[in-house]
Every structure is written in C-alpha cells, then in structure tokens.
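Turn these sequences into a full structure, and let the hints steer you where they fit.
Residue numbers (our numbering), protein chains in the order written: chain A, 722 to 1245; chain B, 722 to 1245; chain C, 722 to 1245.
It is possible that part of the hints are untrue.
Copies of the same chain are indistinguishable here, so a pair counts whether it falls within one copy or spans any two.
Claimed, not checked - EDC-like mimics (lysine to aspartate or glutamate), calculated; alpha carbons at most 16 Å apart, straight line:
| # | residue 1 | residue 2 |
| --- | --- | --- |
| 1 | Lys1242 | Glu816 |
| 2 | Lys1152 | Glu987 |
| 3 | Lys1022 | Glu1156 |
| 4 | Lys1171 | Glu1233 |
| 5 | Lys1242 | Asp1230 |
| 6 | Lys941 | Asp1138 |
| 7 | Lys1152 | Glu920 |
| 8 | Lys917 | Asp1056 |
I should point out that these hints are in silico values taken from the structure, not numbers from a laboratory.
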Amino acid sequence: MPFRIVGMAWKELFMNPSKFLSPLLVFMALSIFFLNTTFAEEKDADTFRNNSLSTQTQACLGCHSRYTPGIVKDWLTSRHSKTTPTVAMEKSPLEKRISAESIPGELTKVVVGCYECHSRNAAGHQDNFDHMGFRINVVVTPNDCKTCHPVEAAQFLGSKKSMAYKNLMDNPVYRTLVDTVTGVRKIDNKVIPAAKPSEDTLRETCLGCHGTRVEAKGTKNLSVKIGDIVVPALTNWPNQGVGRVNPDGSSGTCSACHPRHGFLIEIARKPYTCSQCHHEPDVPAWDVYEESKHGNIYSSKGTTWDFNSVPWKLGVDFKAPTCSVCHNSLLVAPDGAVIMERSHNFGSRLWVRLFGLIYSHPQPKSGDTTIIKNKDGLPLPVTFGGEPASEYLIDMSEQEKRRDMISRICNGCHNADWIRGHFAKLNSTTKETDEMILAATKLVSRAWEKGIEDKTNPFDESIEQMWIRQWLFYSNSIRYASAMTGAPDYTAFKNGWWYLNENLQQMKDWMEFKKAKNKEKEKD
Amino acid sequence: MPFRIVGMAWKELFMNPSKFLSPLLVFMALSIFFLNTTFAEEKDADTFRNNSLSTQTQACLGCHSRYTPGIVKDWLTSRHSKTTPTVAMEKSPLEKRISAESIPGELTKVVVGCYECHSRNAAGHQDNFDHMGFRINVVVTPNDCKTCHPVEAAQFLGSKKSMAYKNLMDNPVYRTLVDTVTGVRKIDNKVIPAAKPSEDTLRETCLGCHGTRVEAKGTKNLSVKIGDIVVPALTNWPNQGVGRVNPDGSSGTCSACHPRHGFLIEIARKPYTCSQCHHEPDVPAWDVYEESKHGNIYSSKGTTWDFNSVPWKLGVDFKAPTCSVCHNSLLVAPDGAVIMERSHNFGSRLWVRLFGLIYSHPQPKSGDTTIIKNKDGLPLPVTFGGEPASEYLIDMSEQEKRRDMISRICNGCHNADWIRGHFAKLNSTTKETDEMILAATKLVSRAWEKGIEDKTNPFDESIEQMWIRQWLFYSNSIRYASAMTGAPDYTAFKNGWWYLNENLQQMKDWMEFKKAKNKEKEKD
Amino acid sequence: MPFRIVGMAWKELFMNPSKFLSPLLVFMALSIFFLNTTFAEEKDADTFRNNSLSTQTQACLGCHSRYTPGIVKDWLTSRHSKTTPTVAMEKSPLEKRISAESIPGELTKVVVGCYECHSRNAAGHQDNFDHMGFRINVVVTPNDCKTCHPVEAAQFLGSKKSMAYKNLMDNPVYRTLVDTVTGVRKIDNKVIPAAKPSEDTLRETCLGCHGTRVEAKGTKNLSVKIGDIVVPALTNWPNQGVGRVNPDGSSGTCSACHPRHGFLIEIARKPYTCSQCHHEPDVPAWDVYEESKHGNIYSSKGTTWDFNSVPWKLGVDFKAPTCSVCHNSLLVAPDGAVIMERSHNFGSRLWVRLFGLIYSHPQPKSGDTTIIKNKDGLPLPVTFGGEPASEYLIDMSEQEKRRDMISRICNGCHNADWIRGHFAKLNSTTKETDEMILAATKLVSRAWEKGIEDKTNPFDESIEQMWIRQWLFYSNSIRYASAMTGAPDYTAFKNGWWYLNENLQQMKDWMEFKKAKNKEKEKD
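Okay, structure coming up:
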C-alpha cells in the first residue's frame, strides 16, 4: 500500500515539529503544484504566478488543487484571490470592502489565500494542528476575519445572530422547546416519555441554523488519499450555523452567508442565502418575499442586476429590494449620496421583533437575550399574558429612530404617504396577531387550570402544540408578510388568518374531547 | 430647521393656487434637475434631453430624481420613457403596443412621463390635488391608461378580475367567509364570538389581491424631506389589488401585473407576476406550474427566451408556455400567422371555472358574479347540492368554442390526440373532485341536521372548516394541476387526493367525537 | 369544407399503402416545406439544407413546421438536429455522448430527425401506423433510443426508475395504498366505502411520475387541421412517467428527464427536472435542496455555469452540486481526471434507501422490487416491526463501496473529515427516524389489536393515516434533508421533527377519543 507508506513518511515528519516551514515540504508541495498546473490548467497557473501568493499558500494550493480542486476553483472566483489588502485599502471610503486601518505586515503584500486565513491567531485556536508542516486552524472564525474586517466583525458580534447558539441553548424555556421538538420518543406502554435530542439531530435541526458548539477534543487519525494524517477531533462538525461557538472561543460564522471560498458579496446579497434559514413555517421570510411584488420584480429581472458593486446604487444596480437591501447593505442614491450605512448587526435597523416568544415586542437592547427576565420570572421578552419586559427592550424614541431609518430606504422608490400607510398596516397587524395569540393563550391556560393538560412542560401535549403553532407558525407568517409588503394569499390561507381562526376552533373542540374522554375514563 | 422653512415657502405658494404652471416652480425644479444630473449622471440627462419630455414631466423629474430616484430609474427602463405615442402608433398592427386610434394632441409628441399619466382626467379624480403647482392624481387607473390602451382597458373592465373587489365583498356568502377567516377573535369565557375584520387586515389578506376601495377623504399634512405638504387622505392605501376601486370611480389596477414605473411586458409575461396572488393552498397556479414539465422547461431555459417581443412568437421567443401564453398574450407562429389574439379579459379563453364556490362549473357570462342567483337563492354559481345556475353561465357551444381556442395554443407543440387526451383527463378530474366535494357536503349537512354544528354561519366551526378545505384547498389544487398538465406529486400528496380522502375520514371521526362529547355533557 | 376534402384525398392514399415512400407525398410535403420557409424563416431553411436530413425527415418537417412548429423549433435547439452519429462517434471517449459501437447504416450520415427516431423497430411497436405514407411510431421508447445510446439504456433498464410502474402497481401492498389515496368516495349513509381510482386519476397522480401502461387498442379517427386522419387508439396517453410501460413492450421513458424534442442535457442536469416528481411532502428532494447551501449557491450563481459540457468539470463548469452531479453525471476534475463514471441507473451510487416502505434499509439488489418478500410474507423490504429482508438487499461491503464512491464526489470540495462527519450525521438521522416510525407503528398496532381501527386495509382510517404521515412525509423529509446537507428549518419545523412528535401526541389522543366514543356508543 504505497499510500500508507507515504502516510507513514508524513507522520515521521510530524514527529519533528517545527515552527518554521519545512523547506522539504514546501519544495514537495510546490513541485506537485507546478507539475499539476503545467499539464492541467495554464490559466490558473498564470493567475497564481501573476498574483502575489505567499509561499505557504502556494504550498496549500500545490496539494489542494489536486485533492480538493473545487475549493481552489471557488477561491479563484473570489476577490480574496485577486487583491492584496494594500490594494483593497486604497479604494475610496464608500468603495472599500475592508475596514481595518492597518493590516499585519505579512498580509499586506500577498493576496488572501488559504494560509492567510487558516493560520490566523493560532495560539487561541484549539483546532490548530500541524498539517504537512504548517500550523493551521481547521475553522476560520469571525475573530480571524476581523484582521481585515474589524468593523463588520464588531457589528456582527453585537448582534443576536452571532449569539444564536447561546440565545437558544442557554435559555431554559427555549431549551425545553428544543428538546421537546427534536427528542426521539419511544412508546412505553401508553406513555410518550420525555427525551433528550442527540447532538446529531440538534446539528441537523435547530443548530443547523443557530450553530453548534465546535470543540477540539484531542486528535484522531484520518485516512485520506495520500495516507493517514492526524487531525483535530472536532465535535459537532461540520456546521455553518450563524451563531456557531468556535474552537477559538469566538461566536458566529461568516460563511453562513458568505459561503465557502468564493466569499461572494453577490451571494450574500441574494435572497437565497437568507432563505437557507428564514423559511416557512416559523420564519417564512423567503416564502413571503417570493409572493410579494418586490420578490416578483427580483425573480423576473434580478439576473440583469449588479449584485457586486460597492457601494450598492439604488435604482441603478437593483430595482427592487432583496433582504440585504433593507437589513444590512450600504446603499447610495444614483447621485452617490449615502442612503444607509452598512451594518452587520442585522437587528440594528429594526424596531419591532416579530418572532420572539410569544408576542411581538420592541427589539431587545442587547444581542444576548438570555439576560432578559420578565415579570413571570422567565427569560422571555414578554410574559405569557402579553406584558413586555421593557427594561430590556429599546424605548419608543429608539423605535421611532429606527423606523425613520428604514423608511429612508423605502423612500428611494415610495413617497412618504405610501410608507406611512405601509407601516400603519404593520402596526395594526402586529397588534391583531398578538390578540389572536392571547386568545389561544387563554385556551391553553384553561386547559392547564382544569388539568386537561400538564403545564410542567408547556410544549409537549396536543393543545399546547396548537398554541405554539398559533404564534410560531401563523402569527409569525402574517407579520412577516405584512412587514415585507406582500403575500396576501399567504397571510389569508397559506399559513395565516385561516389557520389562526381554524386553530382556535380546533383547540376548543380538542379540549372538550379530552374532557369527555377523561370523564369516560373516570367512570371505568 | 431649513427644511421646515422651505416647506413653509411651498405652503405659501399653495395659498395662491393656479391652473397654469407656476414659472417659478418650473424654474426651481429644472434647476434642481440639471444641477443634479450635471454632477451625477450624464447618461440619464442625455436620455432626458434627447427624448421629448413635456415641461411638466421635466419638473417632476427635477425633484423626484432626487427624492424618489428609484421610481425615475425604473421609469427609464420603460418603453414609456423612450417612445412617443406617435411613434408607437406607426408600428404594424401586430407589433403595436397601443390600441388607440387617436391620442389627445398634447400627448402625441412627448414621451409618456410622470405628468402624462398622473394628470389624466383630473376632474373625475377625487385624489386630484395641487402638488408643487401641478394638479396631479395620486392614483393612475385603467380609465387613465385607456387613453392609449382602450382595447386592453375595455377587455379588462369586462373581466372578473377588474371586479374582484365587488365580486368578493358585495356577495353576502363570500363576505361571510371573508369575515370569518380574517376577523380577530377574543375568547369570551368558553365562546369564540364572531368578529369583523379590520380594514388593515382585509388589505393585507383578501383585498391584497382583490383590491381595496380607495377613497379620498379630504386632505392631510405630510412631513417630507422638503417640508410639510398637503396631500389627499386616501383610505386603504397603498394597494395594488387587481380589482381595486379607484378614487375616480373606476375599477381595477394595471400595475397589479405591470408593476410600478417600468411597466415591462416582460414582467407581466413571467409567471412570478401571476404567482403574487395565484399561490397555494387555494389557487396554486404557481405551485403546480413549478412542478410541471412546462414549468421545468421555463425554469431551466427561460432566461434565454425573449419576453419582450410583440407579437410573441411561439417556438422562437419561447419554448414552453408561461401563464400569459395560454391566458392572454397575442401569439404568432414562427411564420408570423396569428395563433391567438391578445386579450386582457383573463377568463375569455376559459370554459370551465375550477375554483368557484363550491363546485366546478362553466364560466359565468358576466364578469360581475354578484348578479348570479342559484336555486337555493344564494349568489353562487352552483347550489350546495351541485346544481349549476345555468342561465348565468356560458352554454355548451360557447364552452366548446373556447376549448377549441385554447387547443390551438397547445397545438403549437402537441398533436390533436395528445390535446384530446389531456382535456379528457381534465374532464374526468373535474367530475371526480366534484364528487369528493359532494361527499364532504353530505357529511357537513348531516352535522347541520343533527345539530352537531350550527349552519347560521356555515364557515366558522371545525367540521365546516374541513368541508371548506375539501373544495377550497384540495379540489382546487388537483384541478389546477390537471389543467396545467402536471404536478403529479402535488395532486397525489401535497394538497390533493391524499387530503381529499384523509379529510373525509377526519370529518367523520370529528363528528362522532362531537356527538359523544355532547352526550357526555347532557349527562352532566 | 376544403379541409375535409383534402382529408378525404389523404384517406384514399391510405387505401393504397406502401412500404416505400410515396413520391407524391414527399413532393407535396417538400413543396409545403420550402414554400413555408421561403416566405417565413430563411435561417431554419438554411439549417435544414446545410444539415444532412433524411428525405423522410424532410417530409415530416415539411408539414410539422407548419402544423406543430413548436416541436420543430425545439428540435432545432437539439444536438440531434445538428450532428450525425458518424460525427458524434468521432469524439474522444470522455466527450462522447453516444455509446454505440456501431450504428445502423441508414442512420450514420443523417442528423437525428423525426423519422430516425419515430420509425425505429417498427415491427415491435403496437403503435406503429401509416401516417401520410410513412410507417411511424407515436411513442419513442428507451428501446429505440438504445440504437445510439445502448449503455445508458441498459443502465436505465436495470434501475428501479424504469420499473416504477411495475414496482408500484404490481406490489399488492403499495397498490392498496394507491387505491386508498386516489379512489373517489361516496358517502353511503354513515360509511365511507372503499373505491377504485379511475385510470385518469391514476395518470394524474401516482402514474404521472411512475408512468402509465400505454397500449394501442386498435385505431381511431381524428379530426385535424388538414382533415380526418386515422391514428392508433392509445390508452393512458399522453404520459411521460419515468417507468411507463410502452406499446413496444419496453419500460421507461427518456423524455421524463430529457424533455420533448430538444433533449438538452442542460435541462436534465438542472434540479427543476428532478423536482417534477421529487417534491414535498413525500419525496422533498427539491424542497430541501432549495433550502440547502448547495441549493443557495446554485440559485445564486447557476445561470453562469456550463450545463452542457461533457465531461462535466467540477469546480470549472459548476461550483456546487445539482441532483445529477451526485446521482448520475460523468464528472472530471479540473485536470481532466475522472472522478465518477456516468450512470443512468440512478440507484447505483446509493447505499441506503431513505423512502421505502416503511423503514430505511439498504438499497435493493434488483431494480425489480416486486420480487422482495419479508418475514411477514409481504413484498416489502422491511417488516412492520423493522426487520429488513436482507437477502434482497445489498450487503455491508457493497454499501461501503458505494458510500466511498459518492464520497469521492464530496471530496471534490470537502475534506475527508468533513465528509465523515456528514455521513455520521446521516446514519444517526436514519436510525432515529426509524425509531420514531417504530413508535408510531406501536400505536397503530395497538389500535388494530384493540379494534379501534380495522387492519384489513391498513391505510384508510384516521390513525392509520397519521401513521403513514409519520414515515411517508415526516421521516422521509428529515432523511432527505440530512442526506443533502441542509435545510435545518425544514427538518425542524416544515415537515420534520415538529410533526414527528406532534403526530405521536395526536395519534395517542385520537385513539383515546375513538375509544371514548365507542364506549359512549355501546351505552346507546
């Protein structure tokens, strides 16, 4: 088995680790690289030669253009592969895609290649390991990206998104919901006992979007094409959830929205990216956008728009908003005037939170929502009865400021009365859906009081599940559609008012069926 | 606050209204305009200069290219911004996009700009107001568009679509359904009392597609960037529903399908436009199209087709139908022979109505369906028992004529036997789904007879809601898929036969549960 | 009626049938053809002239470019219309799109036109008939396509797909499910009696994807534009289901994925093609792909990829997989090395079957699954209790071989540890969803034991239907999403874990309601 033998040779090299590059390894890698490119793809080779690649990145490319060529080809589409930070910093303030005031010297003159990212801040990375003579990290984190993008990283780190793991898993109420939804039940006689979900299923469901906790627990052997190698043993990996807890202790992942090695702003600006997580029935951003007039215009004409230009010019580069237009992009008017600054704190332009537990409420002040305590003593922004935990939420003046801010974007195409009419409708909808949730809450509360269902776990019995659907599915959907100016059929019938009302009827009937059944049993 | 001051200056100008243009205002607007363009975008400015803009439109553009630039940029993509009616009328009959035989003199030599549309028929517009010295209407209506497009306007005004508000809201049966679905319920002890929906929620749901009643109720002050202005106080605004009742008394809105200020035929011809309203679960045109072979071909190759050419050449401009191919576009064969005339009466090519209340039936003769009375005395085209109100519906010979008409389109790609086989299947499906609706009607009728549910409102209790889903969701979906040649999985499992049958079982069980519960209660 | 008269003339010609071409007919057809093209479209005429058309195909085009021009235009986009088999065979092995070692002489020098395909193997075709002097088949089958594509045809014929009709309709268990789901029920007093579905409804639902049985039952007259003609009377036609039983006795249809007359590999490679049948809720391949990161990248950037090149170059022609990348295309690395051979046996790269009845299990050895018998004596790969019928299923070593095979594709972009982590998650998910199915099976089994529901037909009562949804809808959806690396929100809430658990609760409650109702009845 020649592969195994080569593997053993690599292993011996690992026995003699060195902080400096092994000249032998670099030589071997570069040989493979140029051998590869000579016979294969001159164009890439030219790209490599003309660009300023670090010698380490050349070594990476030497092997990986053979062993995982898709990554390399993807990276070649990126700006990272074509620009050095020095050149990137020369752009005018609005055109700049890099926010650092200064860049570590070794990075300034080379394009942003494999090694530049995967070797950052090695000391803090549990997942740092010796790979073919190079100390690299498996996982690149916001803390690494911040080397060149500190403003974006800081905004993101202050957002709910970057804390999506913590906000879900460290909140005991949410955690109960998570466990109830995703745990495997085994029927035990007639009882359906509670269960804890497995890590794999959490990674596949909630934590697929919220992010997992990735830790390096020692190392392990791995058989690859060139033999056995030793790699960090990562828990809950792979995962690209937006609030991932990383092996360097940081939170979040940039590749949730800037996928893989192209890092294209174009992809992040298209609605498909957001729709990976914001989908029906609970957060149907994509579904209502698709049915809206904005979504129609995007679907019909979007292929002719420019999703790459920075700053993004309203009316010129795009004719209707995608998610990122309203939520985070830097926008300018056709004459170049700034309409809205860029933000990677995705809640920062929002005043009302449409899909919290259980009622709508003003946006929380902090991205960390585990700190909230309401009057029921629960870590929720609103009580079951509907009272907001106001001290943790932004005040009226901040709400108005933010509504005015987002109105500036609408105003790019719509007049002031139109915008006012739109947000008045959203206000009404928020209020009415909250009332419909309150109605369902009254029913489930009576079921608890009468002993028809057991409140110990408020999420695991049928009537409780109907109550959850009232807020998590139907009310959320209606509010989304209202906020995003469209999808009337969605809010009427798909996951909206039809179900809000049908669900109330079914809750009432189901309670009576259970009561009748219980009486029947008592008689036995 | 300099803006406020400028606002006051405008206000003073308003005190001295004039039917003639205020030279001062025009001067100011044009100054802003050219100042704007000089420093900003030469290209647009050239477009403006080379085109024949009315002086009023130049004034509009002067401000709005600064204050709502997205509208202006959108308009610049339109044919309206590039062609005068005189030039448009010189085209050959099939290529013409304008159907007027003569155009008012002041419109012939200028491109169709802001003022040309927003100043039409001012006398009839409740929403006409003095805006910076110009009398303009907020809302442009089919009655205004008819200046140049009288044939299209007339066809549209005869269609069910243009009467979508009236047909829904002025039909007491439908109205009860609307109110039941969208009203806010408050739990009052154990009862769920009836409720009337708010105007905002109606605008967000049913009337989002059907259109609202927009009326000007006096005026109001509005704070905008340049200060306070006075504008008409419009009810139920904004709204782009296809059957909107307008403040000039006309019905319908063209921008439901020709959105905003680009008016692109390309967008109207793409299925995303129709899908804004024709979506699952009740009218799933988009959903079944997407799953059909036609939809597959469109999704795979549509970006290479020509959606702008008039007439639209089958096999050349497009290779598979979108909604508009079958329902309303002017189609020619590759050799130029007319396959089908254009129609903006969207029912005019259809013989059977697949989603009426409650059973399928021949298309109604009139676009106004509130005039229908069936043998039960209800304003519905079919009785609850399944008998059609034939005198209001087209007869067999008209049905056959229309089927032959639409078959001509199919025949562009499919042979006569294929088409015959397709429509035979549709006939069978229509009949069978009607039978499945009748089965559900029998169950709900028994529930009414036995007092299990209360017929006063036939739409508000659980078994009634199941009955509604049988026709409104499941049967409709199956018929749509059948008519549109596809989506077998949709009709089997998504919203089709699976649910038709499961729903019957659940209705039966639910009735028995309710009966048992009632007996249990009686004993108490 | 001149058409009728012409029709009579044709008919008389039919009275004197001939195996040789009628020179008169050819002359007439060509006259029409060139007359047509002279005045209409020179470009097509040039194409026709420069290409090597058989005289028969020229005759077909002569009429059909007038009578069904869409087909002709579609064919003109195909490689078939531009290449002779001789030229196609000269390509290098990897670039070849034709797998025959030799081609019948009459086909080698002409492009692949109407007659070349529609006249193949006439003797075996029940649907062969005399059409304007030519013996042609209505239906072109895999047995005909195999003339030039024998390797693809043979692979396909060994697959479950080509036997999709048989596997569904000749398996008594599945057949019961089919009949129960799609039969029309008439309420008869209080009973909902069993019913058999109509052929039309089967064609519209299950057999829309699985394929119908198309037989020629004599002939029939058909009125067409040029008069009456006589054509074969085909049953269950039109239909393009992938496992269609054809009138030449063969199984399957190539146009299920290579639609109509363009036969574009581009369309077959795009996910919309697979999504015609693989859609939610039972086989939601499209739905989870759309929500996955792979789907996001495809939706965002796919219009810039090359879907036509053969072989298909990973990282160059495409940057993220579509269905066909993983399931059947010939893939090469950027340097030209083969990553994966082409296969038209769509199960051949798969080791685990995610949507069999009822539990997951290893892929069956044979494409014909009707031969399977499990320990319950049922033709299912697993017993109701969960035991696989292992002798009919591939063994562990074959499973590992296939997993390694598909891992090679993943490895184009992902490292070995990433892939390992991904498939470990899939394993866990498969196991857990099987456990959740077992829980539901226990509940339905108790309902059967206690006489709450009747096992005679295990698919037609409410609790049984809930049980079906547990495996057919919810578990399948979760497994699909797991296999396809994404759609966390889908597996959590859309059709996944939320419903797996809610459904168990509702089954339990429903059983108790039925029990209580039965007792109440007994007392009457």
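Status of each hint after checking the structure:
no. : hint                 : in the structure
1   : Lys1242 with Glu816  : neither (73 Å within a copy, 73 Å between copies)
2   : Lys1152 with Glu987  : neither (36 Å within a copy, 39 Å between copies)
3   : Lys1022 with Glu1156 : neither (39 Å within a copy, 43 Å between copies)
4   : Lys1171 with Glu1233 : within (11 Å within a copy, 18 Å between copies)
5   : Lys1242 with Asp1230 : between (18 Å within a copy, 13 Å between copies)
6   : Lys941 with Asp1138  : between (63 Å within a copy, 10 Å between copies)
7   : Lys1152 with Glu920  : between (38 Å within a copy, 14 Å between copies)
8   : Lys917 with Asp1056  : neither (57 Å within a copy, 48 Å between copies)
Violation of the numbered hints given earlier is confined to hints 1, 2, 3, 8; the remaining hints are satisfied by the structure.
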